[in-house]
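Chemist: So you can see what is in the structure, the chains are spelled out below.
There are 2 protein chains.
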Amino acid sequence: MKNFIAVTLMLLAGASAFAQQALGPGTGIVSPQINPDHTVTFRYENRKAVTVQITGDFLPAKTLEFQNEGRTVRLDVPGTVDMTEQNGVWSYTSAPLEGELYSYSFIVDGKKVTDPSNIYMNRDIATWTNIFTLSAEQGDKGWYYEVHDVPHGNVSKVWYDSPTLGLKRRMTVYTPAEYESNPKAKYPVLYLLHGSGGDEDAWSDLGRTIQIMDNLIAEGKAEPMIVVMPNGVYFNQAAPGAAVNMFQPTMANSRSQSTVEIEQSFPDIIKYIESHYRVRKGMADRAVAGLSMGGRQSSALSRAYPKMFGYVGMFSGVVPPQGEFDQQLADVFAAKPKLYWIGCGKTDGVMQNSLLLKDYCQQKGYPVTFYESEGGHIWRNWRVYMTIFAQQLFK
Amino acid sequence: MKNFIAVTLMLLAGASAFAQQALGPGTGIVSPQINPDHTVTFRYENRKAVTVQITGDFLPAKTLEFQNEGRTVRLDVPGTVDMTEQNGVWSYTSAPLEGELYSYSFIVDGKKVTDPSNIYMNRDIATWTNIFTLSAEQGDKGWYYEVHDVPHGNVSKVWYDSPTLGLKRRMTVYTPAEYESNPKAKYPVLYLLHGSGGDEDAWSDLGRTIQIMDNLIAEGKAEPMIVVMPNGVYFNQAAPGAAVNMFQPTMANSRSQSTVEIEQSFPDIIKYIESHYRVRKGMADRAVAGLSMGGRQSSALSRAYPKMFGYVGMFSGVVPPQGEFDQQLADVFAAKPKLYWIGCGKTDGVMQNSLLLKDYCQQKGYPVTFYESEGGHIWRNWRVYMTIFAQQLFK
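Line by line, the protein sequences give chains Y and B.
Start counting the first sequence at 60; every next residue gets the next number (the working numbering).
Start counting the second sequence at 60; every next residue gets the next number (the working numbering).
Only chain Y is shown next, with the shape it has when bound in the complex (with noise of 0.2 Å):
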């Protein structure tokens, strides 16, 4: 017990000099345990706790309806189970798994926590949970957003001048692993907004995209492109931790419900994108596309900059037929993009406007891809949604 003490202290302080024997993790702990039947065994070691559940999207959902605003919202959340108790460790082994990104937590006596043998966690909006990836065959789900042994692509957060906004700005900067090897060759550029709650770290962790491109330009899938994540509130600098002051994030304050700034900021972006790296200039050469509030801003830009973009990419957020949405689509497809791409989800409260937009569309004989999936509005749909979108582009 006190050769077990010393260890763990020796950990806590990252005292490394003490520490010659192998250790193991930091709990004693595997959790969780990837099985080769593609079940997953979650283990949580509390000899007080009276319950012990386990809550992840891996699990059957709950769909909850509540009222907002007057509408009845639908909103599948993730499910819950019991594990069960022996020696102290508790323990829950889920059913077998499709490959994929899954993400849970334990519940002890009412109270979420992480699982503190898994050092994997992402952060959305203010909730931290546990990942993990499951990949059952090469080219499933999970095996897109896992790092393989592949050539990859480097990955930078710049901070680039906004006159517009009168702010430096903090962005993300993907390049395909073969920009440092041809010094010479230009790439066209994916501009890749996210949602409200989010800034310009969502799509690289949120979203694995550092994972998805460099699996997909290695398999030939996709072409080798720049991809560019910009922060999407045009009140915000940067991220929490890159931005001044230590402020916890919430939907209000990483919101902007307007377009109107992000439209007339968006030039010191290209600009610095297209003067800083070696970048192919023009349309068919520039993709814009979001998720949810940066699938609104992808509908705003390609309207308020009809020869700017070859490709629009509208996940879980699109702005429905309205107003000047006429003469402004009208616009837009006289320049003829290459791709016009709506994705959502069945559940997801967007659909009615994302219909809409495509039946619009459709009559006005405007070319329009419309994907749907199952699901709500949620990251496992928009990783999907990226995965497939940027197989179409640039080709």
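Some clues are possibly wrong.
What the hints assert, rightly or not - Mimicking DMTMM-like on lysine to aspartate or glutamate, the simulated pairs with C-alpha atoms at most 20 Å apart in a straight line are:
1. K107(B) <-> D141(Y)
2. K107(Y) <-> D141(B)
3. K200(Y) <-> E159(Y)
4. K170(Y) <-> E278(B)
5. K227(Y) <-> E237(B)
6. K227(Y) <-> E278(B)
7. K170(Y) <-> D168(B)
8. K227(B) <-> E159(Y)
9. K107(B) <-> D141(B)
10. K171(B) <-> D116(B)
11. K330(B) <-> D141(Y)
12. K245(B) <-> E333(B)
13. K405(B) <-> E144(B)
14. K245(B) <-> D264(B)
15. K200(B) <-> E157(B)
16. K107(Y) <-> E333(B)
17. K340(B) <-> D327(B)
Said to hold, decoys possible - Sample of chain B residues at the chain Y side, in silico, Cβ under 10 Å:
18. T143
19. N177
20. V232
21. N304
Think of the hints as simulated: they come from the structure by calculation, not from any bench.
Cβ coordinates follow ideal geometry from the N, Cα and C atoms, glycine included.
Starting from the known structure of chain Y, fit chain B onto it as the hints suggest.
Modeler: Just chain B now, with coordinates in the frame of chain Y:
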């Protein structure tokens, strides 16, 4: 209550389209709250817990003694105090604190959990803890670790080829803010090495290197420089999350006792940096420093390449005089390094070897700078050493 559930669920699901009202943080609780007198209040809601404690490095440390391989080891660990409960919310207010980056966790009925109201966390090897920074006045330690409204440098995660190790490997590169605005200027380079259990993310995340450099350069206290933070474990390609497989890091799987491979392969790193960045080449414009294992590597690199680095920093990590040391150190000092810097904490187990090296250098008449701090083998000291060391480079 129904509305509260709805709001909570929407936050969890990122269901931005539905949330119209201003939303508070996910838990509805403010923690930590930094008060005007620099005390800090922590809050945690749990109606079923019997005891809730807080453990943090702002509490008086406990010194533990234990035996390890026949030696008596003393280790400072964060103190623990009870929190008090009112209406289901446990709270604790600290004494007034000096400017610093602090870490803490809650202990609920004996089990450590993170603070669900605070999104800011650091991972040290396999342990996540909450963090916060506090600056009592401009220019105190905490101030340097915070993001301020100063020009910000860019941070890149780049992959380089190490033919010596037969691996593509990842490293973190900081370029100062003016690197972008002075497109012809060339910059000196600090190579900054992490300790056992660490990786190429350690100095930027735990070490606050980005903030320290931005702030020191903005104040004119440090020269604009590039800081290169490679992965110091020769058999690893990258940090968890960027590496193949979701491995759980331990001291064991992120540890390399031998410095030979790092010595042999380090020219691969320098070659990449000097061919991909605008850098000044030559001993006067290269520094190497590291903590713990990285300090031993810095010692080894300076001895292997005595004319490579004009500045050498060993933070809580030295190689004591032994073996071929006489000739090697004679070569190091024959090349007249501008700075040979040793930093160590009074209660650090490395102090004995640090003093041996200092005394050896002084007996030989080699100019050496020795910095003794309070405390032990902890990140708090390494951030301070980095802040001091960086101000002495390239002047």
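Chemist: If a hint holds in the structure, say so; if it doesn't, say that too.
Modeler: To see whether the hints hold, each was checked on the structure:
The suggested pairing of K107(B) with D141(Y) holds, with an alpha-carbon distance near 18 Å, which does not exceed 20 Å. Simply put, K107(Y) and D141(B) have alpha-carbon atoms about 18 Å apart, close enough for the 20 Å limit, and the pair holds. Restraint check for K200(Y) and E159(Y): the C-alpha separation of about 5 Å stays at or below 20 Å, so the hint holds. In summary, the hint linking K170(Y) to E278(B) is not supported, as the alpha carbons are separated by about 45 Å, beyond the 20 Å threshold.
Of the pairs offered as hints, the one joining K227(Y) and E237(B) holds, with about 13 Å between alpha carbons and a cut-off of 20 Å not exceeded. This hinted pair checks out: K227(Y) and E278(B) have alpha carbons roughly 18 Å apart, not beyond 20 Å. Between K170(Y) and D168(B), the direct Cα distance comes to roughly 12 Å. Compliance with the 20 Å bound is thereby established for this hinted pair. The hinted pair formed by K227(B) and E159(Y) fails the criterion: a straight-line CA distance of about 26 Å is larger than 20 Å.
Restraint check for K107(B) and D141(B): the C-alpha separation of about 16 Å stays at or below 20 Å, so the hint holds. Taking the CA atoms of K171(B) and D116(B), the gap is about 15 Å. The hint holds against a cut of 20 Å. A threshold of 20 Å between alpha carbons decides the hint, and for K330(B) with D141(Y) the separation of about 55 Å lies outside it, so the pair is violated. Only pairs whose Cα atoms come within 20 Å are accepted, and K245(B) paired with E333(B) is accepted, the gap being roughly 10 Å.
For the hint linking K405(B) to E144(B), the alpha-carbon distance of about 38 Å lies beyond 20 Å, and the restraint is violated. Pair hint K245(B) plus D264(B) does not hold up; C-alpha atoms about 26 Å apart against a cutoff of 20 Å. About 8 Å separates the Cα atoms of K200(B) and E157(B), which keeps this hinted pair within 20 Å; it holds. For the proposed pair K107(Y) and E333(B), the alpha carbon gap of about 57 Å is over 20 Å, so the pair is violated.
Our distance criterion of 20 Å between C-alpha atoms is met by K340(B) and D327(B), whose separation comes to about 15 Å. Contact between T143(B) and chain Y, as hinted, is not supported at the beta carbon level, the nearest pair being about 18 Å apart and thus beyond 10 Å. Checking N177(B) against chain Y: minimum C-beta separation of about 7 Å stays under 10 Å; hint holds. The interface hint given for V232(B) holds, since its Cβ lies 9 Å from the closest Cβ of chain Y, which is under the 10 Å cut-off.
With 10 Å as the threshold, the beta carbon of N304(B) comes within range of chain Y, its nearest partner Cβ sitting at about 8 Å, so the hint holds.
This entry does not satisfy hints 4, 8, 11, 13, 14, 16, 18, going by the numbered hints stated previously.
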